[in-house]
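Spelled out, the chains give:
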Amino acid sequence: MPAAMIHETPLTPPAAVPSQLLAGLDALYHEPDWLAAHRREALAAYHDTPLPDRVTHLWRYTDPAVFARDGDDPLPTPPIRGSVREFPPVLTEALRTDSLAAGIYVRDGLVWKIALEESLVAQGVLVMDLHAAALEHSDLVRKHLGSLVGPAFGKYEAYANAAWTGGLLIYVPRGVEIAKPIHIVTAQPGGGTVRAGRLLVIVESQAAITLIDEYGEGTNGDGAPVHTNMIVEMVIGPAGRVQYAPIQNWNKQTVSYSTQRARLDTDARLETVLTAIGAHTSKVDCGALLAGKGAESNMFGLGIADGRQHYDHHTVHHHLAGNTRSDLHFKVALRDRADSVYTGLIRIEDKAAYCEAYQENRNLILSPHARAETIPELEILNNEVRCTHGATVGKIDPQEIFYLESRGIDRTEAVRLIVAGFVGPIVDRLPAPAQGRLRDVIVRRLEGD
Amino acid sequence: MTNDKPTIRPQLHVREDYQARYGFADPEEYFLKAPKGINHEVVEMISQLKKEPDWMREFRHAALDAFFAKPMPKWGDTELLNSIDFADIHYYLKSTAGGSEKSWDDVPDNIKRTFDRLGIPEAEQRFLGGVSAQYESEVVYHSLREDLTKQGIIFLDMDTGLREHEELVRRYFATVIPYADNKFAALNSAVWSGGSFIYVPPGTDVKIPLQAYFRINARNMGQFERTLIIADKGSRVHYIEGCTAPTYSSDSLHSAVVELIAHEGAYIRYTTIQNWSNNVFNLVTKRAVAHQDATVEWVDANLGSKLTMKFPCVYLMGERAKAEILSVAFAGDGQHQDAGAKVIHAAPNTTSRITSKSISRGGGRASYRGMVKVYPSATNCKVSVECDALLLNENSRSDTYPTMEIAAEDVRVEHEARVSKIAEEQIFYLQSRGLSDDEARMLIVNGFFEPFVKELPMEYAVEMNRLIELEMEGSVG
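Chain order of the listed sequences is A and B.
The letter at position 318 of the first sequence is residue 318 when you use the numbering used here, and the numbering goes up by one with no holes.
Residues are numbered in the numbering used here as their position in the second sequence, beginning at 1, plus a constant of 449.
Any given hint might turn out to be false.
In silico DMTMM-like pairs for lysine to aspartate or glutamate, Cα to Cα no more than 25 Å straight-line [to be verified]:
#	chain 1	residue 1	chain 2	residue 2
1	B	870	A	296
2	B	822	A	336
3	B	822	A	296
4	B	599	B	613
5	B	632	A	360
6	B	551	B	630
7	B	485	A	33
8	A	351	B	843
Hints listed in this document are in silico derivations from the structure and should not be mistaken for laboratory results.
These numbers were taken from a predicted model, which means no experiment stands behind them.
Work out the full structure: start from the sequences and follow the hints.
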C-alpha cells in the first residue's frame with residue numbers, strides 16, 4: 001500500500017517573456033524586494049567579472065567562453081507554459097512502487113510537478129518551488145540563499161544567481177529522518193535554450209535525507225546546444241546527515257556548468273556520490289566546507305566519457321574546524337577522444353587541528369586518443385594532521401586480460417569485467433532506486449554502445 | 450649499551466651559526482658597479498665590458514625587450530613576487546680588475562678570505578675535480594684538475610667559455626631555455642654574467658664531481674649566472690653547486706638559467722644545495738634535454754632564501770631516456786620554498802621519477818609544484834611522483850600542487866603525497882630508548898631526509914646533515 005502523497009502543481013508559469021535578463025523576472029514571480037536586489041547585485045557582478053583567464057587556476061583546460069554563449073548578456077530562455085503536467089516514467093514508476101519520499105520534476109525552467117509523502121508534510125518538511133518559498137518562507141530562504149555560492153563566487157556563479165528560474169527548496173526540520181530518497185529529475189528538452197537552476201537544501205540538526213538529483217532524463221537533442229548552469233547549496237545542521245547523489249546524464253549537445261557547495265556543522269555527515277555520464281562539455285565544482293567539529297564528508301565520483309566529451313571536475317574538501325574528516329575517491333574511464341580534467345583540493349586551515357583527509361583519483365584510459373589530466377592539491381596550514389592523496393593514470397593491465405583469457409573468457413568480456421570492477425565500488429554507493437538503472441547505462445556506455 | 454646510542458653533536462643556534470658561517474659581509478670593494486635599475490644601457494655596458502660577439506649582444510637586447518613585455522607570473526606567491534623592486538637592484542657588479550684566476554694565490558685577498566671562510570679551497574683539495582667560485586657577477590677563481598683537462602673536458606666560467614669556444618656555445622646556448630621562456634629567464638638572458646660552461650667529450654666519464662660556489666656579498670645585488678652543460682654521447686658528469694649570501698635587511702635577487710644537454714646515452718647529475726640568506730629572492734629556471742638512452746638527475750635542496758621558485762625540468766626527447774628529480778625543501782620563519790619538478794615525456798619508453806620531501810617549521814611555507822606531461826606519441830611510459838611533507842609546528846604550511854597531463858593510452862602514472870607531523874609514538878619510542886626529546890626529533894628528521902642525503906657525495910652528505918641539524922635547532926615541537 002503506497003504511502004499517501006500530496007501532489008502539487010506549483011506556480012503558474014509566467015505569461016510574459018522578459019526582454020532582458022532581469023527585467024520582469026522578479027515581477028513575474030512576485031519576488032520579494034530582497035531577492036530582486038540580490039539578482040541585480042549578481043547581474044552587476046556578472047558584468048563586472050572578466051572572463052576567466054586561461055592561465056588561472058581551474059580554467060587551464062576548459063575554454064571559459066563556451067559557457068557564455070550569447071556574449072555578455074545571455075537571456076535565460078523564458079519558462080515554457082505546459083498544459084499536461086506529468087512525471088517522467090522514471091518518477092512515475094518509483095512513486096508507484098512507493099520507493100520515494102518525494103518526487104520532483106523540473107522541466108524547462110519550471111518546477112513542473114511535486115509529490116511529497118503526506119506524513120512528511122505534517123512533520124514540517126518542505127519540498128517546494130523556490131520562487132514560492134522566497135515569499136512564504138522569506139526569512140529562511142533569505143538567510144541561506146547565496147550563503148555558500150553567492151555572486152562573488154565566480155562569473156558564471158554570478159550569472160546563475162541573477163538568472164535562476166524553477167528553483168527548489170528542500171527543508172527538513174530538526175530530528176526528522178527521512179528513510180526513503182527524495183528524487184529530483186531536471187530536464188531541458190529544447191535545443192538552443194539557456195537556463196540557470198537552483199537547489200537549496202536545509203537539513204536541521206539531527207535530521208537526515210537521501211537526495212537523488214538527476215539531470216537530463218527526457219531530453220532528446222535536436223542538434224542545437226543546450227546551456228545549463230546550476231547552483232546547489234546544502235546547509236547541514238549539527239549531527240545532520242545527507243546522502244547526495246547528483247547524476248549528470250545530459251544529452252551530448254549540452255554545455256553544463258554546475259557549482260555545488262555543502263556546509264557541515266558539528267558532527268554533520270555528508271556522503272556525495274557524483275556520477276557524470278552525459279553532456280558535451282561539463283564543468284563541475286563540488287565541495288564541502290567542514291565547519292563544525294567532528295564533521296565528516298565522503299565523496300565518491302565516477303566519470304565516464306566517450307566521443308569528444310570534455311569533463312572538468314573540481315572537488316574541494318575545506319577543513320575549517322578541527323577534528324573533521326574527509327575522504328574522496330574519484331574514478332574516470334575514458335574512451336575515443338574524450339578528455340577529463342580532475343582537480344581536487346584539500347585545504348586544512350591553521351586552526352583546524354586533528355583533521356584527517358584522504359583523496360584518490362584514478363583514471364582508466366581505454367583508447368589511444370583519450371586523455372586525462374589530474375591535479376590533486378593539498379594546502380595544509382596545521383601540523384596536527386593526517387593527510388594523503390594519490391592519483392594514477394593508466395590503461396588496463398595486459399596481464400589482467402591475459403589472466404582472464406587464460407581462464408577461457410574472451411577478450412571483449414575480459415575488458416568488460418575489468419572495467420566493471422573499476423567502476424563497481426562507486427556505483428555500489430548510489431542510492432538503491434538509481435543504482436540498478438545506472439549500472440545498466442554505465443555498462444552499455446563502456447561497451448561503446 | 451651506551452655505544453648503541455646515536456651520537457648527536459652539540460647543537461648550535463641556527464641564526465647565530467648562519468651569521469658566523471655564511472651571513473657575514475665583507476666590505477664592498479668593487480672595480481665596477483652598474484647603477485641601480487635595468488635598461489638597455491646597462492645591458493650594452495655589460496656586453497661591451499665582456500667584449501662579446503654581436504650575436505650575444507643582440508640576444509641580450511632582445512631578451513630585455515621580452516623581459517619588459519612579459520607580465521609578472523599570476524601564479525605562485527604573487528604577493529611576495531610583486532614586492533620585488535626591479536629598480537632597486539644592481540644588475541652587474543665586478544669586484545676585481547682581473548678575470549677568473551687559475552691559481553688561488555692570485556685571487557684578491559678580500560675575496561680569498563671570504564671563500565677561505567666558506568671552506569672552498571679546502572673542499573677542492575679534498576674531493577673535487579674542478580672548482581669555480583663566483584663572487585657577485587664574475588667568476589673569480591677557476592681550476593680543473595690536469596688529468597681532466599687532458600681528457601678534453603672543458604670546465605670554464607661561462608664568459609671564458611664564450612670567448613674560447615664560441616662555436617660550441619652558439620650551437621647550444623638558449624636552445625633549451627629560449628630567452629622568452631618566462632620573465633625571469635628573459636631577465637637573466639639580458640644581464641647574465643658568470644656561471645659555468647662544461648663540455649664532456651663522447652665516452653668520457655668524469656669520475657669526480659665538478660663544483661661551483663656562488664656568493665653574493667653586496668647589498669641589493671642581482672646575481673644572474675648562466676650555466677650550460679653538454680654531455681656528449683655516452684659521457685658522464687656530476688656537477689654540484691652551492692650558494693650563500695650575507696644576511697641583509699634589504700632584498701637581493703638571484704635569477705639563474707641552467708641548461709643541460711644529455712646526448713645519446715649520456716648521464717648528467719646536477720646537485721644544488723641552495724643556502725641563500727633569508728633576504729634573497731631565488732627565481733631560477735633549470736631545464737634539461739635528455740636524448741635517447743640518456744639520464745638526467747636533478748638533486749635539488751632548498752634551505753635558504755626568502756622566496757624560492759624553482760622547478761627543475763627534464764624533456765625526455767629520445768627513446769628510453771630517464772629523468773630522476775629529488776627535491777628537498779626546508780622552510781623556516783619568513784621563508785616560502787616553492788619548489789618542485791617538471792618532466793615532459795615526448796618519446797616512447799621513457800621513465801621519470803620525482804621524489805619531493807619538505808619540512809615546514811616556525812611559520813615557514815613549503816610548496817611542491819610539479820608538472821608531468823605525456824604526449825600522445827610517448828607510449829609505454831612510466832611516471833612516478835611522490836611527495837612527503839612534515840609540518841613541525843602549527844603555524845607552518847605545506848602545499849602540494851602536482852599537475853599530470855596524460856595524452857597517451859599506454860602509460861603508467863602514479864602519484865602519492867603525504868602530509869603529517871612527527872608521530873608522538875615515534876618520539877615516545879625513542880625517548881624510551883634513552884634519547885632526549887630534541888635528539889629523538891632530530892633522528893626522525895634525519896631519517897626523513899635520508900633518501901636525499903645518501904645521494905650526495907660523502908663530504909656533502911656530512912655538510913647537509915649538519916645544515917639540517919642547524920636548521921632544526923630550537924625549532925621543533
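Status of each hint after checking the structure:
Between the alpha carbons of residue 870 of chain B and residue 296 of chain A the distance comes to roughly 21 Å, so the proposed pair stays at or under 25 Å and holds. Taking the CA atoms of residue 822 of chain B and residue 336 of chain A, the gap is near 20 Å; set against the 25 Å cutoff, the hint holds. Simply put, residue 822 of chain B and residue 296 of chain A have alpha-carbon atoms about 34 Å apart, too far for the 25 Å limit, and the pair is violated. Restraint check for residue 599 of chain B and residue 613 of chain B: the C-alpha separation of about 17 Å stays at or below 25 Å, so the hint holds.
The hinted pair formed by residue 632 of chain B and residue 360 of chain A fails the criterion: a straight-line CA distance of about 35 Å is larger than 25 Å. The straight-line distance between the Cα atoms of residue 551 of chain B and residue 630 of chain B is roughly 34 Å, outside the 25 Å bound, and the hint therefore fails. Distance check on the hinted pair: residue 485 of chain B and residue 33 of chain A sit about 59 Å apart at the alpha-carbon level, beyond 25 Å; violated. For a cut-off of 25 Å, the pair hint linking residue 351 of chain A to residue 843 of chain B stands: about 8 Å separates their Cα positions.
The structure does not agree with the numbered hints 3, 5, 6, 7 stated previously, though it agrees with the rest.
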